[in-house]
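Asks: Residues per chain, in single letters:
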Amino acid sequence: MLVFDALLAGALIWLAWQATHTPGLFRSVISFIVFGLLMALAWVRLEAPDIALAEAAIGAGATGALLLSALGRLAVTHEAGTPWQERPDLYFWIPAGAALLGLLTLAAWALPTPGLGDDVRRVLPDSGVANPVTAVLLNIRAFDTLLEIGVLLLATIAIWSLGRMPMPSAPAVRSPALTALGRVLFPMFVLVSAYLLWRGSHAPGGAFPAGAVVGAGGILSILAGAQPWLTGGVRGPWRILLSLGFATMLAVAWGVMALGQPFFAYPPGLAGLIVLVLELAAGLSIAMSLVALYLAGQPPDHWGPEAARR
Amino acid sequence: MSLANAIGLLCVLLGMPFFFLGTLGLLRFPDAYTRLHALAKTDNVGLGLVCLGLAILSGSLAIGLKLFLIWVLMLIASATGAGLIGRTALARGMKPWGL
Amino acid sequence: MIYLVLAGVLFVIGLHGLFVARHLLRKILSLNVLSAAVFLFLVALARQAEPLDSVPHAIVLTGIVVSVSTTAVALALLVRLSRPRGNNAAPAGKESR
Amino acid sequence: MTEFLSILVLLLLANIVVGLARVLRGPSAADRMLAAEMFSTSAVVILLLLAFILDAPALLDVALVLALLAALAVVTFVGRAWSELEIRDGDGTGGDREP
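Protein chains in written order, with this note's numbering: chain A, 1 to 310; chain B, 1001 to 1099; chain C, 2001 to 2097; chain D, 3001 to 3099.
So that you can see chain A by itself, here it is in the shape it has in the complex:
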């Protein structure tokens, strides 16, 4: 397997170089998508199936769609001259890069090996779930997850504040296969996502991949010409749904404080239920946020035929 690792590492380095340093923006974007794909394999080799799942769902799905449609919307994709600035400054970068690499290696060497595995294993029975990663995310370090959902919400707000959506949302090419694809696959996305959510309590899975999969399904159905359900209207249910994850997590955190527990310390016995509720809320919010992020602007209040084609 050492050969496998070396080959994978070489391919990853080459793809990263392609993505950042070769002419042709489209080539860079494709290289980056393949980079994400191979990163999923690297996570598998590093015994992190949870991250592989998230990378497959978010890296290969959502990021690829975001990059490709942003590329399509750029007014000018032609790069003048080299992709680099005037002089690559090799005299600076080769020694500086080598020094940086050396320092990083030294730092990695000097770090004590993290040993929280035992601690997690000790408190796992009380956390309400059997998968340690889910336990860390939604129970032990739920504070981090709260902030993460907050970042997603903030990103949506930032994008909506940039103004209206910059592009037509209907597909540029009409094809019966595309419409059929959206109709056939969207139920599959929901099904797989529900499966991942259910798996999350005892095996790799959980709210993040599940939400990302539904979000990708939403993006796919928008691409297939479906009218997006997301509207920018003040009264619509979507604003509530977008903030559901953040609101639920805060409510739970304060709720347990009212019961006399510390912030995010769930009362024993209720932990399993609380984690399940949080997962559902967070998954829904992540899915909605991904669709909102993909639209790259505030959607109109009403989706008329002219709004979709504008």
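Hints were generated in silico from the structure; no laboratory data involved.
Just so you know, not all the hints are guaranteed correct.
So, partial list: chain C residues that the calculated Cβ filter (under 8 Å) puts toward chain A [stated by the list, open to error]:
#1 His2023
#2 Val2038
#3 Val2068
Selected chain D positions facing chain A (in silico; Cβ < 8 Å) [stated by the list, open to error]:
#4 Leu3005
#5 Ser3006
#6 Leu3047
#7 Leu3050
#8 Ala3058
#9 Gly3079
Please read all numbers here as calculations on a predicted model, not as lab measurements.
Ideal Cβ positions, reconstructed from N, Cα and C, are used throughout, including at glycine.
Let chain A serve as the given structure and place chains B, C and D on it in line with the hints.
Replies: Positioned in the frame of chain A, the structure of chains B, C and D alone reads:
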């Protein structure tokens, strides 16, 4: 090694050449249309044989069904993708090789 | 450990791209490569612990979602930047098609 | 049997690396996209084989998600990127110049 295992391994092994030939086609064929053709063989037959072989090797119905689902999903993606790319390429005036 | 070295090399490549790339989209890609390198570093370190440490895994999972949201915001800004205000560069006819 | 499957995984990865040449060479955007699609099929198969080698059924789920999302990239490419890209700037990203 039991007979089922041998058959499973044989299926996986039979699926492999399709991947190598797919890459060969991707590299050697003259235009996008012919490359679509090479790719379809990989997605349909290659993946199908590997999934079938692994399903036999696993000996479990649940895993077998999941493998079948993966194959069907890739079939849908590959067929639609090939159709879309071919149609768009033709509409944009890309001339097929040899015409 | 190959993956630690890989993380270091990817870090340097991403940093270099971030500094010298001319097009903003390429800078965004470099930023993503850079964050992938950091994630890889964390998980490769966690792998060496015994038993397997799941805290870095959870943190990286969080980080992946955060990096997607920053990428999305950056891309939305980039699309706004690339269209001149008069909106003459991209012909109006193409937009209404 | 595990060693045998490991060799197959290694060959498939080498297959991807060889196929990267198509991403490098193009010439049209569709060719690069096709190569990416081919890699996603190969990655699915690698994950399936690894799931059996490492006896980790969770990897089947990763493969399932990859298979599900395989369609997304192609559809985004055809629907968004390609149609705008090459019409606008003749050969900005390697147009349709066929040999």
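Asks: Could you check if leucine 3050 of chain D really has its C-beta closer than 8 Å to a C-beta on chain A?
Replies: Since the shortest Cβ distance to chain A is 6 Å, the answer is holds.
Asks: Next item in the hint list is leucine 3047 of chain D. Is there a CB on chain A closer than 8 Å to its CB?
Replies: With Cβ-Cβ at 7 Å, under 8 Å, it holds.
Asks: Taking the least C-beta to C-beta distance, is valine 2038 of chain C closer than 8 Å to chain A?
Replies: Violated, because the Cβ-Cβ distance from valine 2038 of chain C to chain A comes to roughly 10 Å (cut-off 8 Å).
Asks: A closest beta-carbon separation below 8 Å is what the hint needs, so does leucine 3005 of chain D meet it against chain A?
Replies: violated, 11 Å
Asks: Using Cβ atoms only, decide whether alanine 3058 of chain D comes closer than 8 Å to chain A, and label the hint accordingly.
Replies: holds, 4 Å
Asks: Against chain A, run the beta carbon of serine 3006 of chain D and see if the smallest gap drops under 8 Å.
Replies: Cβ of serine 3006 of chain D sits 7 Å from chain A, so the hint holds.
Asks: Take the shortest C-beta to C-beta distance between valine 2068 of chain C and chain A; is it under 8 Å?
Replies: Cβ of valine 2068 of chain C sits 5 Å from chain A, so the hint holds.
Asks: Minimum Cβ distance from histidine 2023 of chain C to chain A below 8 Å?
Replies: holds, 6 Å
Asks: Return the status of the interface hint for glycine 3079 of chain D: holds when the least beta-carbon distance to chain A is below 8 Å, violated otherwise.
Replies: Holds - the Cβ of glycine 3079 of chain D comes within 8 Å of chain A, reaching about 4 Å at its closest.
The structure fails hints 2, 4 (numbered hints given earlier, in ascending order).
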